[in-house]
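In order, the protein sequences belong to chains A and B.
Numbering follows my numbering, with no gaps: position 144 of the first sequence is 144.
Take the position in the second sequence, starting the count at 1, then add 268; the result is the number in my numbering.
A portion of the hints provided could be inaccurate.
As the list claims (entries may be wrong) - Derived DSS-like pairs (lysine-lysine); straight-line CA-CA distance at most 25 angstroms:
no.: 1; chain 1: A; residue 1: 101; chain 2: A; residue 2: 51
no.: 2; chain 1: B; residue 1: 467; chain 2: A; residue 2: 101
no.: 3; chain 1: A; residue 1: 101; chain 2: B; residue 2: 566
Bear in mind the hints are in silico, worked out from the structure with no lab data behind them.
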Amino acid sequence: MANKDPSQRIADFETVTTAVEDPERTVLSMEGVSKDYGRELAVEDLSLSVKDGELLTLLGPSGCGKTTTLRMIAGLEEPSSGTITIAGETVTADGDGPFRKPEERDVGIVFQDYALFPHLSVHENIAFGLEEMDDVDADERVAELLELVDLEAHEEKMPSQLSGGQQQRVALARSLAPEPDVLLLDEPFSNLDVRLRVEMREEVRRILKRAGVTAISVTHDQEEALSISDRVAIMNNGNVAQIGDPAEVFENPESRFVASFLGQARFL
Amino acid sequence: MGTSDRLDRIREQASVGERDAREPTVLAAVVLAISLLLLSPIVWVLIHAGEMQTGRLVELVVSETTRSVTVNTMILISAVTASSVAIGVPLAILTVQTDLPFKRFWTVTGALPLVVPSYIGAFAFVSAFGPRGQLANLLAPLGIQQLPTIYGLHGTVLVLTLFTYPYVFLTTRASLISFDGTAVEAARTLNHTRWQAFKRVTFPQIAPGITAGALLVALYTLSDFGTPAIMRYDVFTRMIFVEEQARNLDAAAVLSLLLLVLAMVILLFESRINAGRDGAYVSSGDRNAGRIRLGYWKLPALGFCATIATLCLALPVGILTLWLVRSAEAAPAGFSFTLSHVANSVGLAAAAAGLCVVVALPIAYLSARGGTKLSLLPERVSYVGYAVPGVVIGLSLIYLALRFVPFLYQSVIVLVFAYVVRFLPQAVGTTESSILQVDPSYIEAARSLGFGPIRSFRLVVLPLVAPGIAAGAALVFLTTMKELPATLMLRPTGFETIVTYIWLVRGAAYQGQAAIPALILVGVSGLSMLVILRQEGR
Numbered sequence: 001m002a003n004k005d006p007s008q009r010i011a012d013f014e015t016v017t018t019a020v021e022d023p024e025r026t027v028l029s030m031e032g033v034s035k036d037y038g039r040e041l042a043v044e045d046l047s048l049s050v051k052d053g054e055l056l057t058l059l060g061p062s063g064c065g066k067t068t069t070l071r072m073i074a075g076l077e078e079p080s081s082g083t084i085t086i087a088g089e090t091v092t093a094d095g096d097g098p099f100r101k102p103e104e105r106d107v108g109i110v111f112q113d114y115a116l117f118p119h120l121s122v123h124e125n126i127a128f129g130l131e132e133m134d135d136v137d138a139d140e141r142v143a144e145l146l147e148l149v150d151l152e153a154h155e156e157k158m159p160s161q162l163s164g165g166q167q168q169r170v171a172l173a174r175s176l177a178p179e180p181d182v183l184l185l186d187e188p189f190s191n192l193d194v195r196l197r198v199e200m201r202e203e204v205r206r207i208l209k210r211a212g213v214t215a216i217s218v219t220h221d222q223e224e225a226l227s228i229s230d231r232v233a234i235m236n237n238g239n240v241a242q243i244g245d246p247a248e249v250f251e252n253p254e255s256r257f258v259a260s261f262l263g264q265a266r267f268l
Numbered sequence: 269m270g271t272s273d274r275l276d277r278i279r280e281q282a283s284v285g286e287r288d289a290r291e292p293t294v295l296a297a298v299v300l301a302i303s304l305l306l307l308s309p310i311v312w313v314l315i316h317a318g319e320m321q322t323g324r325l326v327e328l329v330v331s332e333t334t335r336s337v338t339v340n341t342m343i344l345i346s347a348v349t350a351s352s353v354a355i356g357v358p359l360a361i362l363t364v365q366t367d368l369p370f371k372r373f374w375t376v377t378g379a380l381p382l383v384v385p386s387y388i389g390a391f392a393f394v395s396a397f398g399p400r401g402q403l404a405n406l407l408a409p410l411g412i413q414q415l416p417t418i419y420g421l422h423g424t425v426l427v428l429t430l431f432t433y434p435y436v437f438l439t440t441r442a443s444l445i446s447f448d449g450t451a452v453e454a455a456r457t458l459n460h461t462r463w464q465a466f467k468r469v470t471f472p473q474i475a476p477g478i479t480a481g482a483l484l485v486a487l488y489t490l491s492d493f494g495t496p497a498i499m500r501y502d503v504f505t506r507m508i509f510v511e512e513q514a515r516n517l518d519a520a521a522v523l524s525l526l527l528l529v530l531a532m533v534i535l536l537f538e539s540r541i542n543a544g545r546d547g548a549y550v551s552s553g554d555r556n557a558g559r560i561r562l563g564y565w566k567l568p569a570l571g572f573c574a575t576i577a578t579l580c581l582a583l584p585v586g587i588l589t590l591w592l593v594r595s596a597e598a599a600p601a602g603f604s605f606t607l608s609h610v611a612n613s614v615g616l617a618a619a620a621a622g623l624c625v626v627v628a629l630p631i632a633y634l635s636a637r638g639g640t641k642l643s644l645l646p647e648r649v650s651y652v653g654y655a656v657p658g659v660v661i662g663l664s665l666i667y668l669a670l671r672f673v674p675f676l677y678q679s680v681i682v683l684v685f686a687y688v689v690r691f692l693p694q695a696v697g698t699t700e701s702s703i704l705q706v707d708p709s710y711i712e713a714a715r716s717l718g719f720g721p722i723r724s725f726r727l728v729v730l731p732l733v734a735p736g737i738a739a740g741a742a743l744v745f746l747t748t749m750k751e752l753p754a755t756l757m758l759r760p761t762g763f764e765t766i767v768t769y770i771w772l773v774r775g776a777a778y779q780g781q782a783a784i785p786a787l788i789l790v791g792v793s794g795l796s797m798l799v800i801l802r803q804e805g806r
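The whole structure should be built from the sequences, with the hints applied where relevant.
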């Protein structure tokens, strides 16, 4: 799949029905967001916006601030300055602006090591964020998601009984269950072996598109960024070096950093 | 999983290697005889209760004393366990999951109260808060004439909680450390507040750890003699001692039986919990994730840690130092602390440690290498010492000696035997784990080189297991030094040790004299903690 040309891939994706309401609506915007830990500046004056149903990948070397960006969107870190708006609501802003806690934002996150709750079954994990629904509706929603991630047969298993790929699909289903405005994926494929990684990329892209969710993924793997994203943002030193369509960014790097960072991939 | 796998493998290898069926049989016979001896205190309680007239037995079981002692004990256990959880769990969370300043320091002070024998803690608290105590004297000029009495249930609960909560603290800490913090972050992004995430994600995963610690506290509270005795609260241990002193043998035996039953119930729960923990969740995730920022709770949190440390450590040590300063006033004859007390304690402890090693070695060897279910039995039997409180062992051995070996009654031999029954598990545990670390094929190699089985063992296995054996001996030595109830009940008349000396001056006005012996015992407990930590670190 990774070897197919971009137009072929886009054609593949378009055969998937999505639930996106308005592809022109901006779901997430970050303006002038910075985060420092004491003297160390992790993210500096970062601005970007993501449209409804779009899959944006933050790509960059380790330590470039991509995971911190993700955690600030989720509300797990508080920015030192800047404004983040999710689905029209300002969740964090300069000065005395509001700071919405993670539980007050409609943001889902798939962690690098999945963070499945080991004491709960697959069903209970997926239903975890559905407390406000009544039981019948919640069960229905869980069934929908199990079907979406193709794990109907594993509903009653415990996370420890699942393979790595299955665990990831449970994590995906769990975070999609409460219908988040934005889904965040932190190095989603780094815990999988190479063969499974390629397979799961396709699978995750299919699931995200079918769910119609706006998603931001973080990775240091160029191939992964190229194969799953609608847009790629190359990050360096806490800021976006270049953002755009994957093929375009790869073919026309705008700066020396982007060129050399992507260039390395060709030699690998 | 890993350990039991290795165990099975080693056992398999061992049984394959056992072509010579004779020595295990001899070994097994010796070990079996030892086990029977170890069981004798329990057997005596059962036989004595069995020999009683049914009417008398029922009368005693349903008597007012039994009823109130049972109720008192239950209340005490519930209160101490609940308060230990109330102190131990928050302290564990603060030191593992938050940004509390000086976390390492508070971790150490949180665990350290374990080195203060609880009866010394009780003694210090009585001295501080009791009538005409240090604190009362301090407050007298301020016009405060009377402090609420420290004696009774609340004093007992206070002291036992302060010196046993570290069990809960340590087990909870262990489970929090292996807990993956990103699970909490996951819960929070799934619209759970910090508190809801704790309830639904953290708590279910650390609950087995908390329960394990709580059961240790319950078992300790049930079998502790010194604290309720000093605090004058009638629980099983104190009443058994009182009835024995009054020569009410039947009542003492019935109370012992009930006490044993309670201990068994607690142990049964504990083994369930431990079995359930086998498949414990081991996570590799980032522990720092989901760390709680205390914010303006930082000061109250520090205050909480400091209060606990003051009550558990600063107060007893302060009182002991105060005594030390005042001990200049000479005590009357018969009340002075002499070198003979220390010599007696050391002699007893050395004898107990030596005997425990000799007894533990065959039991541990058979259990590690025997292969059959039957060979595990003596090891299980040796664990009665954990379940049987010192008072019960003391009581049984008095009457067993009187009945079967009257010439040994009130002899040091019976006392040392009591220590062996009580503390053998420590020696067996360390010895067995070090034997399991020795590859069985070493012996086969030695034998193929022409050495006999016993010589092979001595030349190859013994040098390798010696550190484990030494650790076991050290543990037995140190715990024997501070053992209270059996020593009180079984020592020959006029034979005084460090512990009995403290007991003697406890009620008298010569507390100052207790400073040195009490400090010695605190030092001894500290050393045994070190031995345990070193063993675990291996």
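Status of each hint after checking the structure:
no., hint, verdict
1, A:101 <-> A:51, "holds, 23 angstroms"
2, B:467 <-> A:101, "holds, 18 angstroms"
3, A:101 <-> B:566, "holds, 20 angstroms"
Of the numbered hints stated above, none is contradicted by the structure.
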